[in-house]
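A.B. asks: Residue-level listing of the chains:
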Amino acid sequence: MPSEDSKQDKQTSAAQAKQVIDVFQEISTLLNADLDRQTLSICISLIENGVNPEALAAVIMELRKDAEATKRRLEAGGQ
Amino acid sequence: MSSRSQRVNNGINSLVRRLMVEIPGEDPAAAEERENDALDFVRESLENSTAPAVVADVNQASDLIKKRLIQTNPSPDKALRFTHLYSRLLSIPVITQKWAVLYFLYQLSDQQQRTPPILTSPFKSPVKNVRGRRNIEDVIPGSPSYGSRRKEETPADSFAPEGLKRLPEREGGQRDRKDEEQAFAKSVAAQRENVALKTALLSENYVEIDPPETALLRDLPFTLQGLSSSHLPFSSESTLKLPSTLPVPIVSILHTLAEPSLLYRGLATFTQSPGGGLLGQSLRAAIGGELRSYLGLVATLEGQIRRALASLDETEPRGGIGKAGVTLKRCVVWTREATMGLRLMSLISEESKSKKGGQLISLIHGFSSSHGDPMVGAFAERLLVHVTRPFYDMLRQWIYDGELLDPYHEFFVSEQDPLAINDTTDGRHRGVASSVWEDKYKLNEDMVPSIITQDFAQKVFLIGKSLNFIRYGCGDSQWVEEYSKAASKELRYGDTATLETWIDEAYKTTMARLIHLMSEKFHLFEHLKALRNYILLGQGDFIALLMESLSSNLDRPAGAQYRHTLTAQLEHAIRGSNAQYDSPEVLRRLDARMLQLSHGDIGWDCFTLEYKIDAPVDVVVTEWGNRQYLKVFNFLWRIKRVEFALASTWRKCMTGSRGVLQGEDENVTKAWKLTRGVLAEMIHFIGQLQFYILFEVIQTSWEELQTAIKKEGCTLDDIIKAHTKFLNAITHKGLLGAKKKKETDENTFMVQLGDILRLMLSYRDAVDGLYSWAVSDFTKRQGADVRSDSQGRRDDDDGLSINTPATTRRGPRHLPDSTPALGSDESIVDEFPVLQERLQALGKHFKSKVCVLLGDLLLQHDQDMRFLGMTMNFNDVYVPSTKKKAPVRQSAREQSKSSAKA
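Residue numbers (my numbering), protein chains in the order written: chain A, 1 to 79; chain B, 1 to 902.
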């Protein structure tokens, strides 16, 4: 039954991954990191794949700033 | 790899998509372009920074987060919650880069708080958060009025380097204290809020000080380097002048800051001062190194101060200094540890003035090993590494080369001044080589640093001494050089165990070499054996032959002894005995000579046999040892001589008793009988004495010496000690021991035995006199017989006499016959009673002396000596006593008996 085993493994690992993301999300709310679950999971996977966390944080902040700027512009444009 | 980059790409794409803002009404091409721009930017920035700037450590990231949480929240529940989450996270095995995620989250959290430069995150005050919430108006009652400027002069501008001597008096202390108590009573959180409030209040109610804190801060780096500045000038070597216009709290802060400055100044002058000795210099160098690192600290401090001052916002309260992150108080905190170090160093430098060498190391080692503060310990340990360097250099030179390289007398081994040795010799003059071993170097107990034990120091001392001795005493410097080349190692402070093994190794090698040299090259053991054989009369046939051949010679007065005859006889004795098989090396050293002669001595008293010992061996057989040997030899020689004399007399008597000594006179026969008895006693005495000395004393001590010097791993010192013990044993047990408590000469065995031996010799002389009297008497009687025979013949011729054979008539006829001859032979006849009396007196004297001696022997502690008394008196002939009465009574009885018989 190797296929079933691997299936079970997958299941457990998926459960664990969920757990991890839960934990991280709680920490992020504690820290006011302002990340939703999806973004957080993307970031975690990126970091797991060897992306520099510092750079990632910088990038996210940059993107947020951009987004904010666009929003503000849009609002201004809307008004 | 490709799948990974693929995944990264996918992740980036989705991330960008999530974070992009939808612009309603934007055409899709522009949107795509915008998205692509963003993607490019993200990829680029992610690729450019591959290596993380922080160390990959889960704990560090979590610590950072915890700190942040504690700082931002007055209550600890969030931090607690995080700790829970964190431990749960650690238990999940899925993710490998936990720290990275944590760090990522940390970076993303509450950005707006991190805008001011974080210099000291632990000291970050919580003001900034609290300030917004709190209203400044709700003033805490009794807040101290520190802000008001003090009109008083600062109490003391100058202070000692130890710190503040006199505290400025506190104003309104009572109220203050109460307030403090209240503060302490509150909970931690409340207190923190309180502090924050106070800080806020202070910065709001801040009153300008003159000179301003910024100016003081600007001057501070110079002050810390011990340089005068416009506001804080050094008025003298150890005083710093503070501006008198400052309020008390600032003054007290400046006092604290002045301490390292003044200490630095003192230490800087100390490092410049000429060092007393190598260790002093190395101490100065080590302190100099520490001062350099202190200056490094000051430099970074200066950098911080400059940066803070440059970014100052003049419009803020307190000149904006509260925000800059660098204040005088913070400088105090930063320099605290350095101040401790400086304090310790200045203490060491003060104490080092009266110490040198090993004591200096002991001093610093004392700090590192027995000071309770671990920081002080670590600091002293660090200093010690540098300070001990010259010491270990010296140690290395000493244990690998045997050379003392110590120009300032700092090592615990010191070379003795030869002149000083001569002054201190306590009467016992030593030879040159022995002083190389015993006196050339000295172990200075109080210079042994505490990093090595006393035992160890002894070992080191012995190693160096041995090497030096091998080099100079034994002339084997080649070996020493090879050894030092092969074994020399760098010694340094720290690994004591390794050092010990090295030194043990060196110790073993050196000692083995020295013993090897002594036994192989210098034949130490052969010499010892020869000493025993010749000087201690171990070689019986040789001594017997020597005595026989010398006896006629030595009977003559000492002045008539000639060296060449003595040496010739010696040579003869060697050739004629088994001594001839001994090695020529040994025989060469044997010499016969006369001691200094005094008037009236005969050859016997002065003759001595000598065994010459030269350079390295006389370390063991010292001058003193040689004298002991001579003493023992002289004693043994005298005993031998007496024995020899008694034996020859005894022989004469025995042969004579069969011929010339036969006489009818009962008196004479009786006298002879008594004489023979006394002679036998004497011979017994001498025999026992000799047996005791040769077998009980010398042989047993010799065996002990042999086992001691044949022992494995025995050092030269051990040999010397064993040999000294041997000599002491034979001189003490051999009745030659120096007088101890009883200073009266009469009581030492040496004197007693000398008396007894002299008595024996005079007795022998008397016996010889008796013998010659008997011989002359015999010849006279023979003459008388012949005369009476001829007379008888004449009588016969006359026809008057009764016919009697001459042989049977001799006795009874003697008496009437002697009367007419009395006139002519009076002198010979008269001699007999005199001789008899003399013999009796001597015999009596001998007996009493022996009794005293036996009495003394019985009182001895040594078992062997008591045993000697036992063997001499095995059948209780003598009545041993220390009192003079007993022998007198006995002799009196004897005298009465003999007189009755007479």
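Hints were generated in silico from the structure; no laboratory data involved. There may be inaccurate statements among the hints.
[As the list claims (entries may be wrong)] The following label-pair restraints were derived from C-beta to C-beta distances:
id: 1; chain 1: A; residue 1: 38; chain 2: B; residue 2: 381; range: 52 to 62 angstroms
id: 2; chain 1: A; residue 1: 38; chain 2: B; residue 2: 43; range: 34 to 44 angstroms
id: 3; chain 1: A; residue 1: 62; chain 2: B; residue 2: 81; range: 55 to 65 angstroms
id: 4; chain 1: A; residue 1: 10; chain 2: B; residue 2: 496; range: 55 to 65 angstroms
The model shown is predicted, which means the values in this text are computed figures rather than measured ones. Virtual Cβ for every residue (Gly too), placed ideally from N, Cα, C.
A.B. asks: Give a verdict on every hint.
C.D. replies: Right, here's what the structure says about each hint:
The supplied range of 52 to 62 angstroms is met by residue 38 of chain A and residue 381 of chain B, whose beta-carbon atoms lie about 56 angstroms from each other. Between residue 38 of chain A and residue 43 of chain B the beta carbon distance is about 20 angstroms. The supplied range of 34 to 44 angstroms is therefore violated. Taking 55 to 65 angstroms as the suggested C-beta distance range, the pair residue 62 of chain A and residue 81 of chain B does not conform, at roughly 30 angstroms. A C-beta distance of roughly 59 angstroms is found between residue 10 of chain A and residue 496 of chain B, which places it inside the suggested range of 55 to 65 angstroms.
The structure is inconsistent with the numbered hints 2 and 3, although it conforms to all the rest.
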